[in-house]
Structures are given as structure tokens and as C-alpha cells.
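There are 2 protein chains.
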Amino acid sequence: MMEINGNRLWESLMEMAEIGATEKGGCRRLALTDLDRQGRDLFVSWCREIGCGVEIDEMGNIFARKEGRNPDLPPVQAGSHLDTQPSGGKFDGVYGVLGALEVLRTLNDHDHVTEAPMEAICWTNEEGARFPPAMIGSGVWAGIFDLDYGHSRVDPEGKTIRDELERIGYLGTRSCSLSPVKAYYELHIEQGPVLEAQTKSVGIVTGGQGCNWYHMRLHGMDSHAGTTPMPYRRDALQGAARIIARLREAVLQQENALVTVGTIELQHNSINTIPGEVFFTIDMRHPDPQVLSGLDQKLRDLVDEICREEKLDPEIDLIWEAPTVNFDPECVGSVRNAAEKLGFSNMEIVSGAGHDACQMSHVVPTGMIFIPCKDGISHNEIESAEPEHISAGANVLLHAMLQSAG
Amino acid sequence: MMEINGNRLWESLMEMAEIGATEKGGCRRLALTDLDRQGRDLFVSWCREIGCGVEIDEMGNIFARKEGRNPDLPPVQAGSHLDTQPSGGKFDGVYGVLGALEVLRTLNDHDHVTEAPMEAICWTNEEGARFPPAMIGSGVWAGIFDLDYGHSRVDPEGKTIRDELERIGYLGTRSCSLSPVKAYYELHIEQGPVLEAQTKSVGIVTGGQGCNWYHMRLHGMDSHAGTTPMPYRRDALQGAARIIARLREAVLQQENALVTVGTIELQHNSINTIPGEVFFTIDMRHPDPQVLSGLDQKLRDLVDEICREEKLDPEIDLIWEAPTVNFDPECVGSVRNAAEKLGFSNMEIVSGAGHDACQMSHVVPTGMIFIPCKDGISHNEIESAEPEHISAGANVLLHAMLQSAG
Chain A
1 MMEINGNRLW
11 ESLMEMAEIG
21 ATEKGGCRRL
31 ALTDLDRQGR
41 DLFVSWCREI
51 GCGVEIDEMG
61 NIFARKEGRN
71 PDLPPVQAGS
81 HLDTQPSGGK
91 FDGVYGVLGA
101 LEVLRTLNDH
111 DHVTEAPMEA
121 ICWTNEEGAR
131 FPPAMIGSGV
141 WAGIFDLDYG
151 HSRVDPEGKT
161 IRDELERIGY
171 LGTRSCSLSP
181 VKAYYELHIE
191 QGPVLEAQTK
201 SVGIVTGGQG
211 CNWYHMRLHG
221 MDSHAGTTPM
231 PYRRDALQGA
241 ARIIARLREA
251 VLQQENALVT
261 VGTIELQHNS
271 INTIPGEVFF
281 TIDMRHPDPQ
291 VLSGLDQKLR
301 DLVDEICREE
311 KLDPEIDLIW
321 EAPTVNFDPE
331 CVGSVRNAAE
341 KLGFSNMEIV
351 SGAGHDACQM
361 SHVVPTGMIF
371 IPCKDGISHN
381 EIESAEPEHI
391 SAGANVLLHA
401 MLQSAG
Chain B
1 MMEINGNRLW
11 ESLMEMAEIG
21 ATEKGGCRRL
31 ALTDLDRQGR
41 DLFVSWCREI
51 GCGVEIDEMG
61 NIFARKEGRN
71 PDLPPVQAGS
81 HLDTQPSGGK
91 FDGVYGVLGA
101 LEVLRTLNDH
111 DHVTEAPMEA
121 ICWTNEEGAR
131 FPPAMIGSGV
141 WAGIFDLDYG
151 HSRVDPEGKT
161 IRDELERIGY
171 LGTRSCSLSP
181 VKAYYELHIE
191 QGPVLEAQTK
201 SVGIVTGGQG
211 CNWYHMRLHG
221 MDSHAGTTPM
231 PYRRDALQGA
241 ARIIARLREA
251 VLQQENALVT
261 VGTIELQHNS
271 INTIPGEVFF
281 TIDMRHPDPQ
291 VLSGLDQKLR
301 DLVDEICREE
311 KLDPEIDLIW
321 EAPTVNFDPE
331 CVGSVRNAAE
341 KLGFSNMEIV
351 SGAGHDACQM
361 SHVVPTGMIF
371 IPCKDGISHN
381 EIESAEPEHI
391 SAGANVLLHA
401 MLQSAG
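Chains A and B are the protein sequences, given in the same order.
Taking this note's numbering as reference, the numbering of the first sequence is continuous, increasing by one, and the terminal residue is 406.
Taking this note's numbering as reference, the numbering of the second sequence is continuous, increasing by one, and the terminal residue is 406.
The set of hints was computed from the structure by calculation and includes no laboratory data.
Heads up, a few of these hints could be off.
As the list makes no split between identical chains, a pair holds if one copy fits it or if it spans any two.
List time: in silico DSBU-like cross-link candidates among lysine-lysine, alpha-carbon distance up to 35 Å [to be verified]: (1) K298 / K341; (2) K24 / K341; (3) K159 / K341; (4) K159 / K24; (5) K24 / K311; (6) K374 / K311; (7) K298 / K311.
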């Protein structure tokens, strides 16, 4: 039975991790920075080394293709992203891209030609850390966002995705839009503690939880910290602090619900001025759309109540809704078959995070493969995975793709 | 009885306010920026127009001097600052500098020569908004900070006070250190609601409340917002939010106590990452040193308790303590005499804010004069004061200084 080269895959992961390496062993390679360009260039060079054709689309998504015997068949694809969180790890996203590359390399080693073409994909700006929202490249491809929207997203300095794509030389000409695909797979670390706790090597991902992202702004009044009596204040940060703490209390009442405030900024930072305006974000998730909708209402009620008490004017902007996702039964089946055939311990699992696969699942048959990561930690420099699991996941990807490609 | 020229003072205030004017009618003229240089240049040109000698010291403090009859007498001084908050008003500080200038202009109009010399002073970086801590220029002069400390304070971009003084041409050669002073007065808007509520034109300031400034840092762990179950999290911002809200609750139990969190920053802002590190500041004030010390302990207990529950590692750094200040009885008496003689409604008041006068009061005889400001609002673009009160305060300053100067 064909097997991927685990050492080669591991070494490629380590080489990629040197681009944007951080002191604590993580990676900071934000989307469309010079470092992202270096990572993309390295991936493209590896694809060309094994004779793949490489195309870049209008969103900077990279498609490396190994032709099949039947040029009329749609491709079987696998991919993920090379951009990282500001303080990210070596595996999130990168494993899915280089795992897909390792599948193509393995076919090349064995001179194995499939019926359908096989593609490895690097999607642009999956993290959304530099350009919110997340999963933009795959989202535009899948028709969830239009191209203008994708191009015009801005980073905190006001630079657009289009300008930055052009600057780093990755504004391609291939159309960024849906075309026929036989199956799309994505290989990823779990980014949570479940597989490790259950001592399983492989997670057969059946779908993803729903997620809402909010931009919040509270307007109060700047005034002097030393002379404004407490009852006269309209302190925007006090309002935010109470909302942040109370919202978590509400979410803790609800099994499987998650809430995170990952961004907070005052209009003016000054030690002796009462903050007149605060901006913060909320990330709220639940596998059940009904429950998520209830939490949305809870948030709005809480903001109303606290802002009334604190004499603040709130703005709540639901900037992004990722619906609950159910993956394609046939793709999920191919992943299960591959894991069983290869003899890896496995279990079904729902993805806690959003992935490019979630965007793809709305328009093409999609499946995902998880492997454990140490202590369930991700979006952190100490993110870590075992070489044994890295190999297992890539072998499952290889055989699931082979089953789809014929 | 000699009187200042209220129209001229008002027009000078309005002209200075054009430098760094904001859309909402306020002022943004941060210490040692190009705008601060423009403001300083304008003040110096006005001082020279009336024949004053102007000297700049090593901290960039500006001393404009009108000689007296007796060159052996120490000067009677008045001053304040021209730097503003990031979103400040037209009067905070500026009124004290241009009020002192108006006194010198008035003496010049009347060819009135006092026994002692009279000086108008502009102190460097009173706000501390760009270079914490506050009241640096007067603090070095009064020996509360040494010169190296003053020169080496940095802004958020890492630029030092010394480099920025040099850049804008205000690194002077006069020694920035204590020299004999007969009396120091400072004219200021109240920045609080008391005089307005009591319908008094003039506040006779008897002293200032104590103030502690803290730098706080909480260390948790960055991790993924979608995959980290709530009980596994070490969310630094949740810890900060609870401390901010609970600290206010504690302060509300204590009459006359004030607490403000005016700065908050995450190490990484990312919508879908649990914050692993947060920095924030605390400004805590009370007129009674005993009570302030009790609040300090309360803060430390609260941080211990919450960080234990949230699995965070806290750092508490008390970066600055401004002790309670009592002004000089003779200077306070001169202010009272002047207000009574001129027939202005008046009351005694304790300053809620720190002022350059608080630094001066540790080493030279010091007094302050307050006037009301609209709704007690300051450190805000809508900060406002009545021309009638502006004139009243400057006339009190004139006559208090004349009494000290003989």
C-alpha cells in the first residue's frame, strides 16, 4: 500500500517554520506580508520541482496541479493556508498545505497517475488576523464573498488585500470562482484537546460548529481621571469590562458554547483620562444554530442593560456568521475507509474552528481529517504535534484522495 | 486698581488653540511634537514682544522674566503647561501659561515695576500623555525626579524626551534645578463640577489629593477561540475585565475615592485568539493618604484573588505616587485677599488633579487659583470656560502675585 514519506513532510514543515520563526518556537507569518511571500515562494518552488503546474488566482490562492489520465474529470483537491496568527504555531494551516504537497510528491515518487487530476491548494488569508474576516480566499472562490469585497478588506493600517497581493507579486489572473471539483479534503491539527484525551490518532471530521463575529463599539465621554466624581462618569471601558465578564458568565451556563474577546482598543490610551470610546470584538460559537441564536439575543440584552446603567451608546455589528457545517457523507466515508484500512485509531469529531473546508463544503463535496496536537493548544507559539500523527494524517489524506480520484 | 485685559487674554487663548485644533473644538498638542514646538514658539514670541528675557532649561521648561527693582530678590512666578491630552481642550494648562503672560503684559501696559522679578513659566510634559509619568518638567526642577530620569522617559514609539527636546529645538542650557523663588502661583480651570455647582467664580485651592499610578500586566496563554473549551482557558482579558469592574465596585464604597483605567492593550489583537497577555493602567486617588493606602491593599488582594481563579500571573507595578499636597498658607492667603478685594464669589477647594503646582509645593511657597469649567468637563475636546471667569481668575493671579512681589 502506497505511503507518504513522513520524514520529508516533517522536514518541509520545519523548513517552512523558519520563515517568520519566533523566539518561543512558533511562527508569525501574517497574510500578504513579506514573510508570507517567502512562504508562498517556497511552496511554489517545491510544487514546480515535482513537475506540477502552478496557477495563482485573483485572490492570490495558489493551485498546484498533477494531471490525471482523464483531462475531462474535475480535480480532487486538498489544501489549507500558510498564513499564521500574530503569535501562531508551526502546524495550523501549514500542515494541510504541505500534507497535500506530500501527497503529490508521493504520487510522483511512485509514477502513479490517477484518473482525475490532483491539486494542492494554498488559500489566502485564512486566519483573518491581519485582514478580517477569516477564510477570505476560499470564501471568494466558493462565492460566499464577492471579489470586490475580498480585494477591499483592509488591515489595521488601511492597506487592502488587493494592494498587498500586488505588492508581493501574488495578484494572479486565474478567475477566483467556483469550478467543478470532485472532492476537497483538508488535513489539520485538531486545535483542541479531544483526540489527545481519547488517545486517537485520527479524527474523522463530520462538520463544523457555527460562529458569529461581532464588532462592538461603546461611546461614553472622555473626561479627567482626577476631577470627575464617579457618578458623573460615562466610562466606556467600564461598560466593556462588565459586558466581557457577564457575557462569559452567560456562556458558561450553556454546554459547548464558547465566547472570546480577542481584540480591545481604546480610542485614546491615556493613564489619567476616563475612556470615552472603546472598540472590541466578540467570537461566539456553538454547534447548534438555535443555541447560537439564543446567545446572540443574550448578548444584545446584556449590552442594552449595561449601557443603560453606564450611560453609554452601543454599536453592535455582526460582521460575520459562519453557519453550522455538515461535510459530504461520501468524503467523510473516504476518510473513514482510509483510516480503517491503514489501521489508525480514530473517532468522529466536530470542528471547533472555522477552516477553508467549511467554505468549500457549501459548494463542493468536502471532508476533513484531524490529528491530535499537544494539550489541545493552537494559535500559540508552543503549538506542537507528533511526527507519528503528522504521518498518519497525511497517509489518510493520500488514500481518501486516491479513493475520490479513482 | 490694576486690571488685566480680558479680551486680549481670550484672543491669545483662541489663537493658541488653533495649533493642534480638533474638529470638535478641542486641541491635540502632545508634548514635544511639532505642534508643541509651534505653541512654544508662539508663547516665546509673545513674551519677547513685551521685552521679557526668555530662558530655556535642560528639560525644555520656558522662563519669561520681567525684571523688578531689586535684582537680589527671588522671582514671583506663575505658570502651567501648553501640552494637551490626546483629545484635550483649549484651557487645561494653556490658561495658566497665558494667564501668567497676561499678568506680565498688564504690568508692561502700566509701566509697573515690582520689587521682585516676575516670571511666566511653561513646564514641559505636564500631561504625561505622551511620556509618562505626568509633571516631568516641574518635577525635575523641584528635584522630585533627577535629570537623567526626565531625559530618558520614552513615548510609545521609544523616543526619549531628550531626543525630542533636541529635535524641536527646546533642549536649553539653563540648569533644571531648584533656585530661590518667592512664591509660585498656578491658574487653572477646576476640571471638575464643584465651582459650577456652587456658582462660585474663583476657587482658592488649599491643596491636592494623593494619586497612585499603576502599570498592570496579566500573563495567561494565547489559544484558539474555536477549539479551547472554556474551563481550559487562561484568558488574560477576562482577568482584566473582572479586576476593572470589581475595583470600581470597591472604590464606590469609599467616599471621595476615584479610580480610572485609562489604558488597555493586548499583546496581540486577534478576533479568534484567546488573549494571552494584557497590559492596563490604573489611576487611583483620594485626599486622605490612609484611605489611599487601604485602596492599594484592596487592589492587590483583588488581583491575587482573580488571577488565582483565572490561572493568570499578575505583575503590579506602582510606577508613581503623588502624595497629598498642602499649599503654602501665605500664598493661599494672597489668593483669598485678591479674590475678596476684587469682589469675586469664592470658596476653598482641594484639587482633584495633579498640577505642576503640586511638584512646586514641595520646595517653594505655592498657591493655586481655580475657575469653573462647563459641566466640570476636562481632558475632552468640549472643555469650555466663560470669558468672565477667565478674566476673574487672571485678575486674582495678578493681585496675588503683586502682593507677593511687593
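Consistency of the hints with the structure:
{"no.": "1", "hint": "K298 / K341", "result": "neither (46 Å within a copy, 62 Å between copies)"}
{"no.": "2", "hint": "K24 / K341", "result": "neither (38 Å within a copy, 70 Å between copies)"}
{"no.": "3", "hint": "K159 / K341", "result": "neither (48 Å within a copy, 63 Å between copies)"}
{"no.": "4", "hint": "K159 / K24", "result": "both (29 Å within a copy, 27 Å between copies)"}
{"no.": "5", "hint": "K24 / K311", "result": "between (44 Å within a copy, 21 Å between copies)"}
{"no.": "6", "hint": "K374 / K311", "result": "between (45 Å within a copy, 19 Å between copies)"}
{"no.": "7", "hint": "K298 / K311", "result": "both (20 Å within a copy, 27 Å between copies)"}
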